[in-house]
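> Here is how the chains run, residue by residue.
Protein chains: 2
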Amino acid sequence: MTYIFGHKNPDTDTITSSISMENLEKKLGNSDVKAFKLGKINKETEFVLKYFGITEPETLEKIEEKADVILVDHNTFSQSIQGIEKANILKVIDHHCISEFTTKNPLFYLAMPVGCTQTIIYELYKTNKVEIEPKIAGLMVSAIISDTLLFKSPTCTQKDIEIANELAKIAGIDIESYGMEMLKAGTDLSDFTPEELINIDSKKIESNGVNIQVAQINTASIEDVLKGQADIENAINDFIKKNNINIFMLLITDIINSNSEAIVLGDKSEIAEKAFGKKIEENRIFLEGVVSRKKQVFPVLMENT
Amino acid sequence: MTYIFGHKNPDTDTITSSISMENLEKKLGNSDVKAFKLGKINKETEFVLKYFGITEPETLEKIEEKADVILVDHNTFSQSIQGIEKANILKVIDHHCISEFTTKNPLFYLAMPVGCTQTIIYELYKTNKVEIEPKIAGLMVSAIISDTLLFKSPTCTQKDIEIANELAKIAGIDIESYGMEMLKAGTDLSDFTPEELINIDSKKIESNGVNIQVAQINTASIEDVLKGQADIENAINDFIKKNNINIFMLLITDIINSNSEAIVLGDKSEIAEKAFGKKIEENRIFLEGVVSRKKQVFPVLMENT
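Here the protein sequences line up with chains U and P, keeping their order.
Under the working numbering, the residue at position 55 of the first sequence is numbered 613, and the numbers go up by one with no gaps.
Under the working numbering, the residue at position 254 of the second sequence is numbered 812, and the numbers go up by one with no gaps.
These are calculated hints, taken from the structure and not from any lab test.
There's no promise every hint is true.
The list treats identical chains as interchangeable, and a pair is accepted whether it falls inside one copy or across any two copies.
[Stated by the list, open to error] Computed cross-link-like contacts, DSS-like style, restricted to lysine-lysine with a CA-CA straight-line distance of at most 25 Å:
| no. | residue 1 | residue 2 |
| --- | --- | --- |
| 1 | Lys800 | Lys836 |
| 2 | Lys826 | Lys761 |
| 3 | Lys584 | Lys832 |
| 4 | Lys566 | Lys662 |
| 5 | Lys717 | Lys687 |
| 6 | Lys601 | Lys624 |
| 7 | Lys799 | Lys832 |
| 8 | Lys585 | Lys742 |
| 9 | Lys762 | Lys662 |
| 10 | Lys585 | Lys687 |
| 11 | Lys826 | Lys662 |
Start from the sequences and build out the full structure, keeping to the hints where you can.
Printed below as a string of structure tokens:
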């Protein structure tokens with residue numbers, strides 16, 4: 559059996575890419591493949607799977623030695639499953655930079671500098687002349703909408719837009735109205751404790767000895783989220799102490815207007831002031847037009863360490 | 559400008575893949591790209607370039623910071639150019655395992671578990687619907703013949719064979735007769751000193767604290783090469799001392815009959831006896847049917863350390 563899975567803290571691209579790769583492999587004659595998830599799915603992904611009537615993948619806790627695996631939407635071992643170092647990686651389909659990736663055997667590796675893994679998987683369907691069913695096309699376009707925030711993120715490429723429109727046609731959806739509905743479904747944060755909220759999508763980098771943690775949540779109303787600012791700050795301060803973080807930013811991203819308000823804490827929080835040329839007030843900083851952590855936040859923070 | 563190049567100690571696949579990628583990029587509208595080599599070409603490659611009337615690429619010594627590069631036929635930084643760590647890697651096209659590969663930015667990375675990089679580049683021509691000119695097809699089929707020893711190496715896949723036959727048609731060559739002529743051109747070792755001979759194509763691995771070096775040369779007559787065994791042994795013993803090697807094997811591969819005779823030296827040379835279940839006599843061991851260092855030599859040596 560070949561296990562297909564994306565990264566920990568799964569998002570819509572990671573979950574649906576596992577499913578569309580399982581579908582493609584099966585259509586190419588590899589019947590013994592199965593998509594898995596490495597953790598609880600989020601509200602947005604839940605909306606997408608329900609909308610297109612697709613069952614949620616089972617959870618995989620760890621992987622045995624020499625198991626055959628296909629990685630989607632990630633390559634870094636620390637973001638992957640326990641035991642990945644000793645697995646037999648057959649394929650990787652990904653759109654991230656590559657980080658200390660090592661395999662013992664030659665493999666199939668396809669990465670492209672595009673906004674979403676599903677954009678690459680679409681190319682694989684085309685190359686292999688496999689038709690995409692409407693339901694699978696629905697999952698694929700959802701992932702592109704999710705990763706590019708409906709084409710507003712600077713990570714979005716012309717290819718993502720063209721392919722998303724093509725997939726929307728096959729899926730029979732109106733990309734704008736479906737897209738907003740889907741993104742809004744992902745902004746329902748009512749189930750989360752403050753501790754969970756700051757861990758929904760959180761990434762750490764180290765730059766010149768400074769530990770930088772940037773978490774991100776999407777919302778249709780920044781004001782609503784800020785009603786809980788005091789509790790969120792407590793959760794962040796606990797996290798900072800436990801994990802030895804020097805600057806923690808929680809990006810609260812307004813998906814309607816494509817801006818972010820960030821809560822900034824830590825003994826090196828002045829790095830954010832230098833990076834964005836603004837003062838932090840009430841532990842917050844407003845970032846006009848900022849929606850991409852990868853392109854608009856991490857690089858400027860790193861330059862100012 | 560985008561620099562395209564393969565690995566150090568270039569072979570026919572590395573040199574011709576740089577040239578066919580330059581050709582493909584230009585046909586796709588990227589005019590500012592150029593193929594380079596990282597060292598002296600071998601006799602086989604010289605024969606190929608002359609046969610198809612293609613000029614040898616210029617040599618590149620090092621690369622400036624942030625230069626745009628495309629890597630073919632390798633990914634490991636130690637096999638690449640000086641300064642590669644700080645270059646901007648745009649694309650990698652390769653058929654090897656991946657070894658501690660790291661980039662700062664997302665990139666295009668295409669690897670496939672096939673016998674030759676040109677097999678993958680052929681797929682890129684197809685995907686992009688670019689026609690392959692006869693001269694370029696000639697270079698491409700030459701690389702497949704070279705890397706698979708005319709389909710006899712266990713690294714050769716069905717895809718390599720199909721694509722090589724397709725390319726031979728475009729190039730207008732008879733694959734068997736041209737292939738033998740080309741491989742024989744590569745066996746002309748008359749220009750090399752013993753020191754150069756053991757460095758033509760030499761790779762090192764470390765396994766459980768044992769330093770293993772395996773060099774390989776192709777010949778149409780093992781006997782002819784062995785006339786110089788005493789001088790070759792002196793060169794190997796010098797290399798062992800300088801580089802702290804525990805077992806050095808020089809595979810002398812008979813490309814007509816697909817066997818190898820190995821000269822084996824070093825304080826751990828008994829590893830080769832265990833690995834192949836035969837005694838070393840006069841510092842030599844005959845390896846029936848062995849032509850691939852990657853598949854038939856390194857793995858069994860490693861298992862016996």
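> Tell me, please, which holds for Lys826 and Lys662 at an alpha-carbon limit of 25 Å: within, between, both or neither?
The answer is between: 24 Å across copies meets 25 Å, while 41 Å in one copy does not.
> If the cut is 25 Å between Cα atoms, do Lys585 and Lys687 qualify within a copy, between copies, both or neither?
both (10 Å within a copy, 24 Å between copies)
> Classify it for me, Lys566 with Lys662: is the Cα-Cα distance of at most 25 Å met within a copy, between copies, both or neither?
both (23 Å within a copy, 21 Å between copies)
> Using 25 Å as the alpha carbon limit, work out where Lys585 and Lys742 are close: within a copy, between copies, both or neither.
So Lys585 and Lys742 fail the 25 Å test inside a copy (33 Å) and across (44 Å) alike.
> Could you place Lys799 and Lys832 in one of the four classes (within, between, both, neither) given a Cα distance threshold of 25 Å?
Classified as within; 23 Å inside a copy, 55 Å across copies.
> Is it within, between, both, or neither for Lys800 and Lys836, if the alpha carbons may be no more than 25 Å apart?
neither (28 Å within a copy, 59 Å between copies)
> At 25 Å max between alpha carbons, let me know whether Lys717 reaches Lys687 within a copy, between copies, both or neither.
both (19 Å within a copy, 17 Å between copies)
> If the cut is 25 Å between Cα atoms, do Lys584 and Lys832 qualify within a copy, between copies, both or neither?
neither (51 Å within a copy, 42 Å between copies)
> Given a CA cutoff of 25 Å, do Lys826 and Lys761 count as a within-copy pair, a between-copy pair, both, or neither?
Classified as within: same-chain Cα gap 17 Å, cross-chain 47 Å, threshold 25 Å.
> Given identical chains, is Lys762 near Lys662, meaning Cα to Cα at most 25 Å, within a copy, between copies, both, or neither?
between (28 Å within a copy, 15 Å between copies)
> Using 25 Å as the alpha carbon limit, work out where Lys601 and Lys624 are close: within a copy, between copies, both or neither.
neither (34 Å within a copy, 41 Å between copies)
The structure fails hints 1, 3, 6 and 8 (numbered hints given earlier, in ascending order).
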